[in-house]
Amino acid sequence: MYKRLNELNFVIGLFFTIVSLILLVGSFISTQLSGRINIYTGIVFLIFGVFMILIKGNKNPD
Amino acid sequence: MKLAIADYLIILVYFAFVIAVGFIIKKKIKSSNDFLSSNRNIPLWITSLAFISANLGAQEVLGMVASGAKYGIMTVHFYWVGAIFAMVFLGVFMMPFYYGSRARSVPEYLRLRFDEKTRGLNAVSFAAMTVFSSGISLFALAKLLEVILKWDFDVSIWIAAGIVMIYTFMGGLTSAVYNEVLQFFLIVLGLSPLVIVALQDAGGWANIKAQLQPELTHAWKYMGNAESNPMGINFMSLIFGLGFVMSFGYWCTDFLVVQRAMIAKNMNAAQRTPIVAALPKMLMPLIVVLPGVIAIALMTPALQSKGFSIPIAADGGLDYTMTLPSLIAHYYPSGLLGVGITALMASFMSGMAGNVTAFNSVFTFDIYQAYFIKNKSDRHYLQVGKVITIAGILLSIITAYIAKSFNNINDFLQLVFSFVNGPLFATFLLGMFWKRTTGHGAFWGLVAGTVAAALTHGLTVAEGKGGWITELYEIRSGMGQAFIVASISWVFNFTTTILVSLATKPKPDEELKGLVYSLTKREPISKGRWYFNPITLGVLLLLATILLNIIFF
Numbered sequence: 026m027y028k029r030l031n032e033l034n035f036v037i038g039l040f041f042t043i044v045s046l047i048l049l050v051g052s053f054i055s056t057q058l059s060g061r062i063n064i065y066t067g068i069v070f071l072i073f074g075v076f077m078i079l080i081k082g083n084k085n086p087d
Numbered sequence: 182m183k184l185a186i187a188d189y190l191i192i193l194v195y196f197a198f199v200i201a202v203g204f205i206i207k208k209k210i211k212s213s214n215d216f217l218s219s220n221r222n223i224p225l226w227i228t229s230l231a232f233i234s235a236n237l238g239a240q241e242v243l244g245m246v247a248s249g250a251k252y253g254i255m256t257v258h259f260y261w262v263g264a265i266f267a268m269v270f271l272g273v274f275m276m277p278f279y280y281g282s283r284a285r286s287v288p289e290y291l292r293l294r295f296d297e298k299t300r301g302l303n304a305v306s307f308a309a310m311t312v313f314s315s316g317i318s319l320f321a322l323a324k325l326l327e328v329i330l331k332w333d334f335d336v337s338i339w340i341a342a343g344i345v346m347i348y349t350f351m352g353g354l355t356s357a358v359y360n361e362v363l364q365f366f367l368i369v370l371g372l373s374p375l376v377i378v379a380l381q382d383a384g385g386w387a388n389i390k391a392q393l394q395p396e397l398t399h400a401w402k403y404m405g406n407a408e409s410n411p412m413g414i415n416f417m418s419l420i421f422g423l424g425f426v427m428s429f430g431y432w433c434t435d436f437l438v439v440q441r442a443m444i445a446k447n448m449n450a451a452q453r454t455p456i457v458a459a460l461p462k463m464l465m466p467l468i469v470v471l472p473g474v475i476a477i478a479l480m481t482p483a484l485q486s487k488g489f490s491i492p493i494a495a496d497g498g499l500d501y502t503m504t505l506p507s508l509i510a511h512y513y514p515s516g517l518l519g520v521g522i523t524a525l526m527a528s529f530m531s532g533m534a535g536n537v538t539a540f541n542s543v544f545t546f547d548i549y550q551a552y553f554i555k556n557k558s559d560r561h562y563l564q565v566g567k568v569i570t571i572a573g574i575l576l577s578i579i580t581a582y583i584a585k586s587f588n589n590i591n592d593f594l595q596l597v598f599s600f601v602n603g604p605l606f607a608t609f610l611l612g613m614f615w616k617r618t619t620g621h622g623a624f625w626g627l628v629a630g631t632v633a634a635a636l637t638h639g640l641t642v643a644e645g646k647g648g649w650i651t652e653l654y655e656i657r658s659g660m661g662q663a664f665i666v667a668s669i670s671w672v673f674n675f676t677t678t679i680l681v682s683l684a685t686k687p688k689p690d691e692e693l694k695g696l697v698y699s700l701t702k703r704e705p706i707s708k709g710r711w712y713f714n715p716i717t718l719g720v721l722l723l724l725a726t727i728l729l730n731i732i733f734f
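Sequence lines, in order, name chains E and L.
Take the position in the first sequence, starting the count at 1, then add 25; the result is the number in the numbering used here.
Take the position in the second sequence, starting the count at 1, then add 181; the result is the number in the numbering used here.
Each hint should be verified, as a subset may be incorrect.
Pairwise CB distance ranges (calculated) [said to hold, decoys possible]: (1) L:D296 with E:K81: 28 to 34 Å; (2) L:I731 with E:N31: 40 to 46 Å; (3) L:L330 with E:V75: 29 to 35 Å; (4) L:K331 with E:Y65: 25 to 31 Å; (5) L:W711 with E:K81: 52 to 58 Å; (6) L:S558 with E:F53: 54 to 60 Å; (7) L:L724 with E:R61: 37 to 43 Å.
None of these hints come from the bench; they were simulated from the model.
Yeah, the Cβ is synthetic: ideal placement off N, Cα and C, and Gly gets one too.
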């Protein structure tokens, strides 16, 4: 895991995953964040974040 | 606008990540080339996204949304006329010289192709421009946070500058480039929900077209006459002024963006960097122009019930700069509001870091090493690069405070930059494609172009600006004036360079190999898959761009 911090796609994926969790968890536990738009955006961010984490960043053909 | 704990949390997570990137990259910095030019070791997808992100600063994001509200869909010309063609030209024709010459910067290419004085002129003007641009970006961020969140101006300046300084000082150019890519995704993904929600609220594109005057929803239809469109320019001024002079002058010669392609792993990747970047650039109007058009539609009588409005400026007109913050405040609830504010901050910080890293490369290589201390160890230049990073940030902070004290300083600086940048492409065009061009020709051409730009501005007036010599000719819009100033300066540079070159002695052919088109052996075009070929990619992009222009005609 620590080695993967050198991969930019992993760092970006981790960032969006954390932000998505803030949005999703927040929308369930706080009335301030309860809008549907937070849930939809959180889900999209989570999918994007996990996708970026799963990409093998060092196998770039260039 | 009031932030909740979740919003602050998202902002803090972003700050933590950009700083962490700096610390991670720090371990890889061993030489001045690692710090100042990333040792030409960055993969294509990163250089491409950094290329576009370096241009995705706050002035771009806020400015294009504002232009979308003010001029309507015509604002797409800044992308589909004023960017894609130049980016493809850079990739196909110019990158082989920038990358193949092994120059570490654009001014260094000018020294190899022409002479020391041309490099010096370009290096000094570029260094001044970048540090001032960085300061203006910082000022705009602090001002925005002060207006919309009531944050303290001084605290905003020092925190934003401090964070940019930490990650650029730690990881140099690589750190700035990595963060630019993170910032790119944050800006695009953070602002996309806004477009979707606002578009839905406005009743879709068909309803927006029905509510707005037709001049605001057609890109070309009303450009036959300057009087009949909101930008106040005709198609000839647009194509030559924006599509050729300003666009090629910026995308093909500005080291801030070209640097991102120069750090690619190999020639093919360097050529494809601006071309791959042109794809998201082509789609960027969806994120930065469309919201402006939606905003102005939401203010029409039929949609007034939606409750959206753009604030009124001091002069009584709409404060278009506040269009994007107003949309964010209107549509984003807590949580997503934090994402939107972070995206705005990212665009400011991205613009600032891009300027600072370009500044320290040019200052260290083209000013300090060229004119002050020449033959020192690599470690010495690495240390100088780090010190210059701090100096660049401190100068940016000083500029930000000057901008705060003098309201007109921003306009003045942007104007001076346009005088210097406008004619620059003529120098490169002649230098790369006409071997007879001499160093004296290039230098005096640049001087003549800059003087011509200043004189044109001093003799014309538009929206109360210019005419500081005498008001000889009135132009309807400030934008039209900018295109005319750039066009005239380009013609003066082009003509002067040719005349002086014909009267002076050119460099021998031997010294120009790899620097001039006719004297450079062309590498065979890649026979691999089609997407490895810059020409194929470029042609496809140009066709797509032409198609978009037809669709939104």
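Hints, verified against the model:
Taking the beta carbon of each, D296 of chain L and K81 of chain E are about 48 Å apart, not inside 28 to 34 Å as hinted. The hint said 40 to 46 Å for the Cβ distance between I731 of chain L and N31 of chain E, and at roughly 45 Å that hint holds. Separated by about 32 Å at the C-beta atoms, L330 of chain L and V75 of chain E satisfy the suggested range of 29 to 35 Å. Our hint of 25 to 31 Å for K331 of chain L and Y65 of chain E holds, since their Cβ atoms are close to 30 Å apart.
Between W711 of chain L and K81 of chain E the beta carbons are some 24 Å apart, a value that contradicts the proposed interval 52 to 58 Å. Checking the proposed 54 to 60 Å range against S558 of chain L and F53 of chain E shows it holds: the Cβ atoms sit about 58 Å from each other. Look at L724 of chain L against R61 of chain E: about 39 Å separates their beta carbons, and that is inside 37 to 43 Å.
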